[in-house]
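**Q** Chain residues, written in single-letter form:
2 protein chains.
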Amino acid sequence: MTIEIRPIRPGEGPALLVLTRALAEAHDYLDKYTATAEDLERALFAPDPIVGCLIAFCEGEPAGCAFWHRSFTTARGREIMYLEDLSVLPAYQRRGIGRALLQKLAVEARQRGFPSIYWLTMGWNAKAQGLYDQTGAVHDEGMRYYRLADEALIRFAEARP
Amino acid sequence: MTIEIRPIRPGEGPALLVLTRALAEAHDYLDKYTATAEDLERALFAPDPIVGCLIAFCEGEPAGCAFWHRSFTTARGREIMYLEDLSVLPAYQRRGIGRALLQKLAVEARQRGFPSIYWLTMGWNAKAQGLYDQTGAVHDEGMRYYRLADEALIRFAEARP
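Protein chains in written order, with the working numbering: chain A, 1 to 161; chain B, 1 to 161.
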């Protein structure tokens, strides 16, 4: 089995869409997935992009991805890397592709001068946590994730101060 | 009591440092706070910054801040806003400054075309949650936050694949 992992190239937005939609399906938010391949390529190949992506190919077929964005920590006063989506298609799981993607991402983080990578996972996702715990990452539990979006954002922005 | 909230200006890095260090102290990570005022200003006033900050002044004195960075969601294929630090100095708390900062941030998010703002808070921080719940934001609990940093990042990047 040949696995190749490399940065995404122009024209591969449709493959990325399949990979990130698979993750949305597994996490039960496919109904909220509205992005198009063009949206993703526009962000990835912008002049000064804030996002990046590695794609894993298994025997030449897209099998997984690690999609990240630039982030920033005030405590360190530096840019860091946030891993937004780590996806391996069900048919390609249990072959070490997730770990290989994470490791290539760690190499890329170092090349870009990011001192750390961080990400979130659902408390119920024991399979992912098993992988993450092997990387040497530390974790905190019990975070609460807030989201003020769309109509709620508009209402609050326009509320009486 | 006069409260003014506006974007940070060059030269106000030292004030921002005081505000974000106060948050680090309240959350018990001041020992990990290594940023300087210069680090923060360099990021804020870069040619194409990924960060931004609102400062609240109370009777002309810096009283709080909302420091954010650009983020991205694959599900929507769009940039969104991440609130990294919301800080109000202890002496200025309970005067509505936190809510006022959040509301100005919501206005700024709309002006910049971000469809949502998201942020994290500690499960134990009931005081902050009381404020957040009033904004109309929704939340998920039980997230696990992973961080692969510094020596651990280097070890993993250099590990045998």
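What the hints contain is simulated information worked out from the structure, not anything from laboratory work.
Note that the structure is predicted; figures quoted are calculated from it, not measured.
There's no promise every hint is true.
[Claimed, not checked] Capping the alpha-carbon separation at 30 Å, the derived lysine-lysine pairs in BS3-like fashion look like this:
no., chain 1, residue 1, chain 2, residue 2
1, B, Lys32, A, Lys104
2, B, Lys32, B, Lys127
3, B, Lys104, B, Lys127
4, A, Lys127, A, Lys32
5, B, Lys32, A, Lys32
6, A, Lys127, A, Lys104
[Said to hold, decoys possible] Estimated spans, in silico, between C-beta atoms of each pair:
no., chain 1, residue 1, chain 2, residue 2, range
7, A, Gly130, B, Lys127, 41 to 51 Å
8, A, Ala159, B, Ala26, 38 to 48 Å
9, A, Glu61, B, Pro115, 27 to 37 Å
10, A, Asp39, B, Glu4, 44 to 54 Å
11, A, Pro90, B, Arg21, 40 to 50 Å
[Unchecked claim] One-sided and incomplete, this derived list gives chain A residues near chain B with beta-carbon spacing under 8 Å:
no., residue
12, Asp28
13, Phe57
14, Arg78
15, Gly123
16, Ala126
17, Tyr132
18, Met143
19, Ala149
Quick reminder that beta carbons are idealized off the backbone N, C-alpha and C, glycines included.
**Q** Now look at each hint and say whether the structure bears it out.
**A** Now the hints, each set against the structure:
1. Using a Cα cut-off of 30 Å, the hinted pair Lys32 (chain B) and Lys104 (chain A) holds, with the two alpha carbons roughly 27 Å apart.
2. This hinted pair checks out: Lys32 (chain B) and Lys127 (chain B) have alpha carbons roughly 24 Å apart, not beyond 30 Å.
3. Our distance criterion of 30 Å between C-alpha atoms is met by Lys104 (chain B) and Lys127 (chain B), whose separation comes to about 20 Å.
4. The hinted pair formed by Lys127 (chain A) and Lys32 (chain A) meets the criterion: a straight-line CA distance of about 24 Å does not exceed 30 Å.
5. Restraint check for Lys32 (chain B) and Lys32 (chain A): the C-alpha separation of about 37 Å exceeds 30 Å, so the hint is violated.
6. With a CA separation close to 20 Å, the supplied pair Lys127 (chain A) and Lys104 (chain A) stays within the 30 Å bound.
7. At about 35 Å, the CB distance of Gly130 (chain A) to Lys127 (chain B) disagrees with the hint of 41 to 51 Å.
8. Range check, Ala159 (chain A) to Ala26 (chain B): about 27 Å between beta-carbon atoms, so the 38 to 48 Å window is missed.
9. With their beta carbons about 33 Å apart, Glu61 (chain A) and Pro115 (chain B) fall inside the hinted range of 27 to 37 Å.
10. In this structure the supplied range 44 to 54 Å is violated for Asp39 (chain A) paired with Glu4 (chain B), their Cβ-Cβ distance being about 38 Å.
11. Hint check: Pro90 (chain A) to Arg21 (chain B), Cβ distance near 46 Å, so the stated range 40 to 50 Å holds.
12. The interface hint given for Asp28 (chain A) is broken, as the beta carbon of that residue sits about 12 Å from the closest beta carbon of chain B, more than 8 Å.
13. Interface restraint check: Phe57 (chain A) against chain B, minimum CB-CB distance 15 Å, threshold 8 Å, status violated.
14. Annotation: interface hint on Arg78 (chain A) holds; nearest CB of chain B at approximately 7 Å, less than 8 Å.
15. A distance limit of 8 Å between C-beta atoms decides the matter here; for Gly123 (chain A) the minimum to chain B is near 4 Å, and the interface restraint holds.
16. Checking Ala126 (chain A) against chain B by beta carbon gives a least distance of about 10 Å; that is not within 8 Å, so the hint is violated.
17. Among the interface hints, the one on Tyr132 (chain A) holds; its C-beta lies about 5 Å from the nearest C-beta in chain B, closer than the 8 Å criterion.
18. For the restraint placing Met143 (chain A) at the interface with chain B, the shortest Cβ-Cβ distance is roughly 4 Å, inside the 8 Å limit, so the hint holds.
19. Proximity of Ala149 (chain A) to chain B holds as hinted, the smallest CB-CB distance being about 4 Å (cut-off 8 Å).
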